[in-house]
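Enquirer: Line by line, the protein sequences give chains A and B.
Heads up: the first sequence begins at 440 in this note's numbering, then just goes up one per residue.
Heads up: the second sequence begins at 18 in this note's numbering, then just goes up one per residue.
If you are wondering where the hints come from, they were derived from the structure by calculation, not from laboratory data.
Don't take every hint at face value.
Unchecked claim - Incomplete in silico selection of chain A near chain B, CB under 7 Å:
| hint | residue |
| --- | --- |
| 1 | T599 |
| 2 | E600 |
| 3 | L645 |
| 4 | T647 |
| 5 | R650 |
| 6 | P751 |
From the three backbone atoms N, C-alpha and C, an ideal C-beta is built for every residue, glycine too.
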Amino acid sequence: MSNDATYDPTPSNEELEAHLQTRNMVLNLGPSHPATHGTVRLRLELDGETIVKMDPEIGYLHRGFQKSCENVTWMQALPYTDRLDYVASLTNNFGFLSAIEHLMGVEIPERAQYIRVVGAELHRIASHLTTAAALGLELGGFTAFLYGVEARELIIDRVTELTGARLTTNFGRIGGLNRDLPPGWAEKVLKSLVKIEELTAEVDGLLTRNRIFTDRTRGTGVITRDDALDFGFTGPCLRACGVSYDVRKATPYWVYDRLDWEVPVGMNGDNFDRYYLRILEIHQSIKMIRQALEQLPEGPVIIDDWRIVLPPKDDVYGTIEGLIAHFKVVMEGVPVPPGELYHSTESANGELGWYLRSDGSGRPYKVHVRAPGFQILSGMQRLCEGRMLADLVPTFDTINMIGGEVEQ
Amino acid sequence: MGYLLSTLKSLYATLRQALSKPTTVEFPKVKRERAPRIRASFALTKDAAGDENCIGCKKCEKVCPSEVITVVASKKPSPVTGKARGYADDFTLNLQACIICELCVQVCPTDAIIMVKEQEAPGFSRADLTLTMDKLYKNAETKEKWAWANATVLGEHQKPAEEKKPALAPKPVPAAAAPTPTGAPATATPATAPPATAAPTAPATAAAPATNAATLAAARSPASVSPPPADEKKGGA
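Okay, chain A solo, but in the shape it has when bound (with noise of 0.2 Å):
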């Protein structure tokens, strides 16, 4: 009982100050979750709320794009890359045929360029609905996303009237496109567009000016311009940093040069920008569409050229050239010459780049993609890295990271 007079029952100051004894906690987002867009997982290290650490892990979805185009011809590699970014599959068509054009020295006929251009712009304005819409989805505002994807379902009716699929489109080929325009679709396309754009001021007006949406998604998912040019941003996400970087005007391709059209820039860098950028696209490809589409010239839709194309069916039968032409090109391949290049195009999310190398044999030696979205995605931690967990959600959606293009 000495000890009774010094007793003193009340903490001293260090024991409350004291710091808590906790560990991070570790959390997967995904594989599976109905965040992420495509099978991707997120390993989180958390603190509370707050993010410490993010690790992102890819390999759910790797289906050996690259080694699968070694063994096949380079018309039948074509299908492949309409499964890279599937929500724009006709960008990567197209990209893809025009990093093969550029290879083999083949200019296209002007009317199949102008059609990449609606499609490949069309396709754009899909990508860019459902990423902008999809954020208000992520945020808990369920009816922008409805108008967003209304607007999307037109856009996808019309590339099935032109193409055939809905998603995998695997349209053109070597040297143009398999396919002219349908009998009046143009027409439908403007009368398609001018819903879209009421549509896209539905979702405009509901997201853009709403505080609630603003206050979520202003200064949440920042990245600075020195930041997102060392990671190698390209597309939306770069230009939102205030980088005025566009492929179509840095390095026109088809007919970009030709239309009257601006790159959006923001200033930011974070969410908002990211959005409200994407907003501001879709007005210019819908701009870049009707321009097009009055200037679309009539012609041919492919080059004439037997050892790139098939040859007419008259020909096939009628004539012993015809049908060794259309042996070599369904058997041989497309008769790439050797060499090695690099093209790029923009896709809705950024540069899609192309690294062919041929040998000369119908088969491409290697085929390398520089999709967009591995890049954004690996300067993410960048963007949640002290920040708090749930911004990460829409962080996630207005980078747009598609599974299928980051693993090839």
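For chain A, the structure is supplied; the task is to place chain B on it using the hints.
Expert: The following block gives chain B in isolation, referenced to the frame of chain A:
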């Protein structure tokens, strides 16, 4: 205040949408009309005399990116004309792995395999999704009205508008005429015959890969080409 305004605005949009006509349809009761060119399923055709169009050339098997077509070919006398020609003894198309890229239809030299657009029969077993030869020929009879593409029609789609013919023209070549230029299945012919007959074209394509379109065009036999190569079309618009 801002929150309230935005919420009211959203509620107004929801209300407006609730009172308007729905954009969706209730699927099993109402079926949306499919696009005229939708790629769905396949069929094998016979000619007017009832002879099989397929000559067993295996081009479709070769071109298929997902390798779902298997053709067993043989040469035997035709039951209609009596002449010996190539036939497919067995033709299997596995729809489970088919990516419906239309390449097989496009390359078919005799318009034997065609694309049909209706595919409303999801199977209850794996076997249901394997299109055997019998099923493919049956498809041609039962789903004929949905057929929209064969190789000739796909070729027509590529041509400029003024030359276009109405869709799915009747088959231009009767079965007896098809084998005559080749005399054998197309697989066997070019391997042996052409180097002698078409010396100016074939060796040039095989030996020296040209570097640009101009030389590619020059390497070909000019007689067989009707319109000039694409370079001349630049001036338009």
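Enquirer: Was the hint right that P751(A) lines chain B, CB cutoff 7 Å?
Expert: 6 Å, holds
Enquirer: Do the numbers back the hint for E600(A), that is, is its least Cβ distance to chain B under 7 Å?
Expert: 5 Å, holds
Enquirer: Should the interface hint for R650(A) be scored as holding, given a Cβ-Cβ cut-off of 7 Å against chain B?
Expert: 4 Å, holds
Enquirer: Hint check: is the beta carbon of T647(A) less than 7 Å from a beta carbon of chain B?
Expert: 10 Å, violated
Enquirer: When the nearest CB of chain B is found for T599(A), is that gap smaller than 7 Å?
Expert: 4 Å, holds
Enquirer: Can we keep the L645(A) interface hint, with Cβ of chain B closer than 7 Å?
Expert: 6 Å, holds
Going through the hint list in order, the structure does not satisfy hint 4, though it satisfies all others.
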